[in-house]
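K.L.:
Here is what each chain is made of, one letter per residue.
2 protein chains.
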Amino acid sequence: MFKFSEYTNKISTDAISDILKYMTAPGIIAFSGGSPAKETFPVDAIKVIIDEALTKDAVSILQYGSTGGRPELKKAYIEHIAKPKGIDVSEENLITLTGSNQGIGLIADVLLNPGDTVLVESPTFLTTIMVLKKLSAKSIPVDVDKNGMKMDDLEEKIKKYSPKFIYTVPTFQNPTGLTLPTERREKIAALAEKYGVIIIEDDPYCELRYKGESLPPIKSFDKKGYVVLLSSFSKIIAPGLRVGVMAAHKDIIAKVTLAKQLDDTHSPNLNQIICAEFLNKGLLPGHIQKIIPIYAERLEAMLNAIKKYFPKEAVCTKPEGGLFVWGSLPGDVNMKDVLNRAATEEKVAFVPGAPFYLNEIDGKNSFRLNFSSNPPEIIDEGIKKLGRILTEYVD
Amino acid sequence: MFKFSEYTNKISTDAISDILKYMTAPGIIAFSGGSPAKETFPVDAIKVIIDEALTKDAVSILQYGSTGGRPELKKAYIEHIAKPKGIDVSEENLITLTGSNQGIGLIADVLLNPGDTVLVESPTFLTTIMVLKKLSAKSIPVDVDKNGMKMDDLEEKIKKYSPKFIYTVPTFQNPTGLTLPTERREKIAALAEKYGVIIIEDDPYCELRYKGESLPPIKSFDKKGYVVLLSSFSKIIAPGLRVGVMAAHKDIIAKVTLAKQLDDTHSPNLNQIICAEFLNKGLLPGHIQKIIPIYAERLEAMLNAIKKYFPKEAVCTKPEGGLFVWGSLPGDVNMKDVLNRAATEEKVAFVPGAPFYLNEIDGKNSFRLNFSSNPPEIIDEGIKKLGRILTEYVD
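Protein chains in written order, with my numbering: chain F, 468 to 862; chain P, 468 to 862.
Extracted from the complex, chain F is given alone in its bound form (with noise of 0.2 angstroms):
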């Protein structure tokens, strides 16, 4: 009945009716999402954040406020995230967002033209995929190798196609849990500058790190101010509050204000404002060091049981940190269908990984599993299940 535009066509809602399809159904074990574990929200300290803030400021809160964010956001974001990462930027280099996701959007939005290049991973976030689509831009793979984008096919591709920007995941990636390390991330700082190309530094996870030493952010070696780095509160505080941070050159901060001026003329003040108290109280290390064992055990507790009840032939990442653990068979099997028995008949859940690909059929045979939402002996049980189907696809 109705004639919708031709974006809205090019984009598939496949991969997202994928992962909720079986997420909620009754009983069942999902390892679909991308969620914190519920056990790790900090209900009392929000609550005490929220009454203090409603005590002390509640006009400036729910009367409308700036595109740019809350001064109280940015000041704590600079004090408690940004300099202890060695990232040097001040209030005009920051926006606040209503989750890092909006970003990606904005972002997109102000520098493509239809058919500017975009350079990526692949997989790679597919949020990510269906907005360069959304803007017709030309997605090119970079190669990774076990530890990222390679940078001698980074160049060569930098050189050859001249992209807009560099879109990547660089800690604990979605979906595969690839983390970039420390000489790649100043190499691709130092290429962004060279051949003046934007890197999008998309950085959500890099807090759950759960063994292993923390790699400074690809901003820390930004000196020009090519990098747009997104950061995220949704894993670290929660994610039903939506908010985030861009921190770039404080141009494009100002174009970025603009686009999201058009969309939702600016983040809810009491959400960003719960997440600076949250800072400026000193309780973010403190929950980060809760929250962390908590992730560790259902990691351990999925890697066992991969090693127990999956096929040998399945072939498993095993990270150091972030929310999936990221897996293949070998051969033409369709993880679609392997997702629709394991879901009817043993009532486990994952999502198959052929949408976090450019080309949906290189990733058929894979699958990303979250371990973050699930207690340890839930995990065993699921996976247990899980590789009862995945048997039954390999030789």
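Treat the hints as calculated values from the structure; they're not laboratory data.
Possibly wrong hints are sitting among the right ones.
In this list, chains with the same sequence are indistinguishable; a pair is considered to hold if it fits within one copy or across any two.
Claimed, not checked - Within a straight-line C-alpha distance of at most 25 angstroms, the following computed SDA-like cross-link-like pairs (lysine to any residue) qualify:
1) Lys477 x Thr811
2) Lys470 x Lys691
3) Lys717 x Glu827
4) Lys779 x Tyr860
5) Lys748 x Ala520
6) Lys831 x Gln728
7) Lys542 x Ser527
Following the hints, complete the assembly by docking chain P onto the known chain F.
P.N.:
The following block gives chain P in isolation, referenced to the frame of chain F:
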């Protein structure tokens, strides 16, 4: 240093800068914004609701939510807003917005290809003008009289241009304050059905009526699903929460949900619950009854002051509701110059009218005055000051 996308150059930031420039200058009397009176925010009720919600349901509020929005808010909207207005919708017809402003961008995005035609009132809401420019739509003004869009001209232009949609703010329009009478509302819904054209009914001010009878929304005359209604909680609860609702045909909602998934994933949960519970507790009617006299008094103060202090050549509207008085001076006056002088010499600010027009030349001599943000005595003082400046621009 950076190359931005073409659309960022198509959109002038002047309009928004003009609004913001003098608004926060020290000692200024600002008639610029569209903010609700700060005295009207239901702070105590919101505190209670948050405390109850986080006590009862913290995990689901802090976790990721669905892109479509919280069922609690949809149910409350149906019961307390849609039904009393004669709007027949169910949950599949609704999506929560991060402020109703977000709905303009989302609906335009899923309907418009570059070059598509849209019919609008002129002058109209300036964010809508910018969204349409961004998407390279062809915006055609429909003739208006003191009762809003003229139906014969509208029908003629529907036939002539086959527009993708018609955008209207039917009640106390921003910026003019004009209201479309019931028979035109019925007629516009009938035209939509006859020609298969979508109507975007942007209705944030409908509850702010200080005189006369409430009118049924266009959506209440919509039998086939051609009307997309944007409702806002900004003017009836608090804009800082950023909550709005779109009511539309389920096929449209499905596409808008996809577009929102690529934008901010979902609107923050707590903010939706605050609005839902405000409705469920039956607080809205009493709250509206409380704020109406405050705004009515301020409107009266402004109209009286205009009569006393403005030169007789200034023609101003006398709206029955909303937030704005709209006016113009005769001849070749540039209101941007008037604003600069008023702000520097008299410390009073307003919004020049030009950016609200498709063709800015048309509105050079017009201006918008907000009466909701200041108490009567300040309004009197500010209009007196502005009157002194305006008088110098007439012979």
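K.L.:
Checking an output row: Lys477 and Thr811, CA cutoff 25 angstroms. Within, between, both or neither?
P.N.:
neither (30 angstroms within a copy, 52 angstroms between copies)
K.L.:
At most 25 angstroms between C-alpha atoms: does Lys542 with Ser527 qualify within a copy, between copies, both, or neither?
P.N.:
within (17 angstroms within a copy, 29 angstroms between copies)
K.L.:
Reference check for the pair Lys748 and Ala520, CA-CA at most 25 angstroms: within, between, both, or neither?
P.N.:
For Lys748 and Ala520, both the intra-copy (13 angstroms) and inter-copy (23 angstroms) Cα distances are at most 25 angstroms.
K.L.:
State whether the alpha carbon distance between Lys717 and Glu827 is at most 25 angstroms within one copy, between copies, both, or neither.
P.N.:
Classified as neither: same-chain Cα gap 37 angstroms, cross-chain 29 angstroms, threshold 25 angstroms.
K.L.:
One pair to classify: Lys831 and Gln728, alpha carbons no more than 25 angstroms apart. Within, between, both, or neither?
P.N.:
Between. Shortest inter-copy distance 23 angstroms satisfies the 25 angstroms Cα cut-off; intra-copy 39 angstroms does not.
K.L.:
At most 25 angstroms between C-alpha atoms: does Lys470 with Lys691 qualify within a copy, between copies, both, or neither?
P.N.:
between (45 angstroms within a copy, 15 angstroms between copies)
K.L.:
Treating 25 angstroms as the Cα threshold, decide for Lys779 and Tyr860: within, between, both or neither.
P.N.:
So Lys779 and Tyr860 pass the 25 angstroms test inside one copy only (12 angstroms; across, 85 angstroms).
Violated hints, in rising order: 1, 3; the structure is consistent with all others.
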